[in-house]
Amino acid sequence: MSEINWQFQTEQSLVENHGLKLDEFAKIVEGLGREPNLTELGIFSAMWNEHCSYKSSKFWLKKLPTTGERVVQGPGENAGVIDIDDGDVAVFKMESHNHPSFLEPYQGAATGVGGILRDVFTMGARPVANLNALRFGEPEHPKTKHLLSGVVSGIGGYGNCIGVPTVGGEVNFHPSYNGNILVNAMTVGIAKKDKIFYSAAAGVGNPVVYVGSKTGRDGIHGATMASAEFDEDSEDKKPTVQVGDPFTEKLLLEACLELMKEEAIIAIQDMGAAGLTSSSIEMASKGDVGLEINLSKVPMRAQNMSAYELMLSESQERMLMVLDPSKEDMARNIFKKWDLEFEVIGKVTDTKKLILMMNGKEEASIPINILVEDAPEYQRDYVIEKPSLIKNYNPEDFDQDDLMSDLSTMLKHPDLSSRKWIWEQYDHMVMADTVVRPGSDAAVVRVHGTNKGLAMSTDCSPVYCKHNPYEGGKHAVVETWRNLIASGALPIAITDCMNFGNPEKPEIMGQFVECIRGMGDACSKLNYPVVSGNVSLYNETNGIGIYPTPAIGGVGLIKDLSNVKTLSLKNEGNFLCVVGKSKNHLGNSKYMTIIQKKEDGGTPEINLDE
Amino acid sequence: MKTHVIVFPGSNCDRDVAVAIKNISGHQPQMVWHKETSIEKSDLIVVPGGFSYGDYLRCGAMASTSPIMQNVVKKANDGVPVMGICNGFQILIESGLLDGALMRNKNLSFICRDILIKPKNTNSIFTKNAEVAKMPIAHNEGNYFANSEQLKKIQDNDLIAFQYCDQDGNVDIQSNPNGSLQNIAGILNENKNVLGMMPHPERAAELVHGCEDGKNIFESILN
Numbered sequence: 033m034s035e036i037n038w039q040f041q042t043e044q045s046l047v048e049n050h051g052l053k054l055d056e057f058a059k060i061v062e063g064l065g066r067e068p069n070l071t072e073l074g075i076f077s078a079m080w081n082e083h084c085s086y087k088s089s090k091f092w093l094k095k096l097p098t099t100g101e102r103v104v105q106g107p108g109e110n111a112g113v114i115d116i117d118d119g120d121v122a123v124f125k126m127e128s129h130n131h132p133s134f135l136e137p138y139q140g141a142a143t144g145v146g147g148i149l150r151d152v153f154t155m156g157a158r159p160v161a162n163l164n165a166l167r168f169g170e171p172e173h174p175k176t177k178h179l180l181s182g183v184v185s186g187i188g189g190y191g192n193c194i195g196v197p198t199v200g201g202e203v204n205f206h207p208s209y210n211g212n213i214l215v216n217a218m219t220v221g222i223a224k225k226d227k228i229f230y231s232a233a234a235g236v237g238n239p240v241v242y243v244g245s246k247t248g249r250d251g252i253h254g255a256t257m258a259s260a261e262f263d264e265d266s267e268d269k270k271p272t273v274q275v276g277d278p279f280t281e282k283l284l285l286e287a288c289l290e291l292m293k294e295e296a297i298i299a300i301q302d303m304g305a306a307g308l309t310s311s312s313i314e315m316a317s318k319g320d321v322g323l324e325i326n327l328s329k330v331p332m333r334a335q336n337m338s339a340y341e342l343m344l345s346e347s348q349e350r351m352l353m354v355l356d357p358s359k360e361d362m363a364r365n366i367f368k369k370w371d372l373e374f375e376v377i378g379k380v381t382d383t384k385k386l387i388l389m390m391n392g393k394e395e396a397s398i399p400i401n402i403l404v405e406d407a408p409e410y411q412r413d414y415v416i417e418k419p420s421l422i423k424n425y426n427p428e429d430f431d432q433d434d435l436m437s438d439l440s441t442m443l444k445h446p447d448l449s450s451r452k453w454i455w456e457q458y459d460h461m462v463m464a465d466t467v468v469r470p471g472s473d474a475a476v477v478r479v480h481g482t483n484k485g486l487a488m489s490t491d492c493s494p495v496y497c498k499h500n501p502y503e504g505g506k507h508a509v510v511e512t513w514r515n516l517i518a519s520g521a522l523p524i525a526i527t528d529c530m531n532f533g534n535p536e537k538p539e540i541m542g543q544f545v546e547c548i549r550g551m552g553d554a555c556s557k558l559n560y561p562v563v564s565g566n567v568s569l570y571n572e573t574n575g576i577g578i579y580p581t582p583a584i585g586g587v588g589l590i591k592d593l594s595n596v597k598t599l600s601l602k603n604e605g606n607f608l609c610v611v612g613k614s615k616n617h618l619g620n621s622k623y624m625t626i627i628q629k630k631e632d633g634g635t636p637e638i639n640l641d642e
Numbered sequence: 002m003k004t005h006v007i008v009f010p011g012s013n014c015d016r017d018v019a020v021a022i023k024n025i026s027g028h029q030p031q032m033v034w035h036k037e038t039s040i041e042k043s044d045l046i047v048v049p050g051g052f053s054y055g056d057y058l059r060c061g062a063m064a065s066t067s068p069i070m071q072n073v074v075k076k077a078n079d080g081v082p083v084m085g086i087c088n089g090f091q092i093l094i095e096s097g098l099l100d101g102a103l104m105r106n107k108n109l110s111f112i113c114r115d116i117l118i119k120p121k122n123t124n125s126i127f128t129k130n131a132e133v134a135k136m137p138i139a140h141n142e143g144n145y146f147a148n149s150e151q152l153k154k155i156q157d158n159d160l161i162a163f164q165y166c167d168q169d170g171n172v173d174i175q176s177n178p179n180g181s182l183q184n185i186a187g188i189l190n191e192n193k194n195v196l197g198m199m200p201h202p203e204r205a206a207e208l209v210h211g212c213e214d215g216k217n218i219f220e221s222i223l224n
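Protein chains in written order, with the working numbering: chain A, 33 to 642; chain B, 2 to 224.
Pulled out of the complex, with its shape left as it was, chain B reads as follows:
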């Protein structure tokens, strides 16, 4: 089992996700500095959360041009599983691996709290065992948007990975924390080997976190 976590200047969930992967898989992921240009054979590449380049300009925009990202895009197109969490999701969108845009939260404030998500497509390696799960969000720009053309592609290809929902799994407006289109919390690429999601499964991966629902996503990829 070989996993890799990309580290950009300003990444701040790189360690957290590495700890979660180590705890779940038993293998220590390799940390890859953004100035490197290639990743060896990998079973999973994680683009972690944080504030790459301070989120200056536009979240994820500068990181998407980092040397390592060219290789991540290539690996993704070759079918290697790639997972972007929070800022990582923003970077994957800016890199063109995923469709849409992440705008400022509807209430124009940073939001850090637990939310519930429900899987929509359960045919991907990330979501095959997914159920309604609780985990935190912590972002300022998580308001997912796609234009009508992109949305059609997403719907036709069943690319919605997760939607914000209530305790019973109802996807309704009250459960939408940030104004995302169709409560979208995470999406897949057409090959379903690339996942971007705003919630942080690595922060709900141990008993002390108060909830272990996030483990499921890692387990389904790693085991």
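Only chain A is shown next, with the shape it has when bound in the complex:
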């Protein structure tokens, strides 16, 4: 690549350091009709990285079923929305925070929770439950203990403080995550169907308002970091990790929900990955308008911040809104009451451009369509590897002298042992609506003030996905489905968090393609659509990728809470029944991996008709 004939003024290394490919840079120059300045280059870098642009995954994600009777909003907004009767909706999404959590487990996990909470309350929903899906390396690995305890405290630290119960999740250990842990956080919120807020900016001349915390120099280029592989020098990337402040987020949550009761907000978008850049561009793009922003007005935590830094900072607990101008004073008073920043930093224009001014000087002028519609999209080469062979085992294949001792070994294994020590560190009862606590198949949370509830569960079996990505994708979806029905719920929809290795490797891309196909088949068959999700690629360290991990979060409705079922045994003398056919499936089972200590025997096939 570096052999290319470089005819631009901009240094080639500067382009590469921004995570942009050289042909992508050429595309920018073509779109702008000139070379970008540094601020503009930073903006393109932030918008075109994998994390924000979905450039490798978009084509395939479109193949998932995303519609259904109860789907109010599918993928594409901050979170998915489903109808749960009586004018109520559930708003939910799962998102990854893998790279930052590996660099700095406490803050990485905490800001992961903070980010997904904002995605949900941006839409007008009060968050009512947090869940997570965590993968760590093998327990013996020198980093695992530190990472696990840091992540668990970070999730608790944020969720406990903001006062949203952490009601469920899963934790697995596998050597493939030794150099790249997975921290996927999910939030479920409840709103009124006629009070959902979207991000499309509208109304030329309307004020663009910045609320929340001040902007500092933290997290600059976080999204770009999250779109690259790790190596030995990755520790140097620690400053790209943001620092969370759940207290401020609590204030922001209450202030936003208070303002949302009034007819004042025209559009709202949280500042997550790529901060002010992605939020402003998203709002302009969705509304098919332009935005002019005066960066001098942005509340700053540090002195002498440049346009580049302001646009790329990932300081947490911030929101961008377009307001009805007649409600500006009322809105300002609400944010003042909660001691939060409130600043008009720009206006909606009809130019369809993002124009940034600072100290009277134009710092950037980019047509929105170049950033969004013209963003690179790749149909990466992929190779579908042959799934591992399914083996049928005979009883004589294994030493069965001491099955009770094997059972005891399995129950003690980190993958199967009690997770009580983890969920006891999470406040899982705040809001006083938790009906089924962690440790059951699915958690159940009451819809406040009613007798109905939502059941929710996160699941994935990466070993199954590795040995047969198609069947593994099906398994992940179906496992949440089973957990929901076992709690007495009607499963409605899922959110997905697609964690994979480097998509530029055809075999990794093949895993992605096959997992999507499996998930799609399961979702279609079960009428269980995908309403939101997130893709995390480049989960590799020194060239070694993680196992394919499409973590699924399922949500179901329980119309009457007296029908909730839990897994505890109730009375002596009750019958235990097995429902469904038991087949001779030992391949890659926990028995196989823990007792026989090998991954062998393939991934069991799922019959979706059964």
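Hints listed in this document are in silico derivations from the structure and should not be mistaken for laboratory results. C-beta atoms are modelled at their ideal positions from N, C-alpha and C, and glycine is treated no differently. One or more of the hints may lead you astray.
Some chain A residues near chain B, calculated using beta-carbon distances under 8 Å [stated by the list, open to error]: (1) N192; (2) F279; (3) L283; (4) K368; (5) W370; (6) F430; (7) E456; (8) M461.
Take the given structure of chain A and dock chain B to it, following the hints.
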């Protein structure tokens, strides 16, 4: 029946306790924002749980200097019943209404689970009908400590409201979740009109909570 729930920035059990009071008494409590300076006539003031001011500095320290707290202290000294739950307990200690300190849990971790408590002093309006009760705790700093002088005062005046105990009501070390001195889960002031407790009775106040033992405390004040 007039009840009040104080709301600080970062309170997060304010709604929960208001719901419990409403369900039990039939009256909707009035929510009082921390920037206000006075509370009208009240039959019960609740300082709820949560993370007031993010628990930054020291739990309850900043909230104790909020404008409204001066009035809460005055009302408490005039004999109005005041109840602090979890972070509310920490705030009442920082305000000087209750003795002692709440340190980090002995295991240095946040703990959220059901525990059992047993009343010690049953002569207060809060504890007059109390029995061994199950309810959740959810805190990082619930490890109660009092110096010898304070402890003597507590013992001489019978100010221990609740102690962590086992199923049979035995107050032993195994039942102590957080390292609290003498298993103390809640204490009273000398007039016995101010209660601070770490467990959350409002989270054990409805059938769906799986346990209704927490209702007893509210019922004894409200009915």
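Results of checking the hints against the structure:
1. N192: 6 Å, holds
2. F279: 3 Å, holds
3. L283: Holds. Min distance 6 Å.
4. K368: Hint on A/K368: violated, closest Cβ of chain B at ~11 Å, above 8 Å.
5. W370: 7 Å, holds
6. F430: Violated. Min distance 39 Å.
7. E456: Status holds, d = 5 Å.
8. M461: 5 Å, holds
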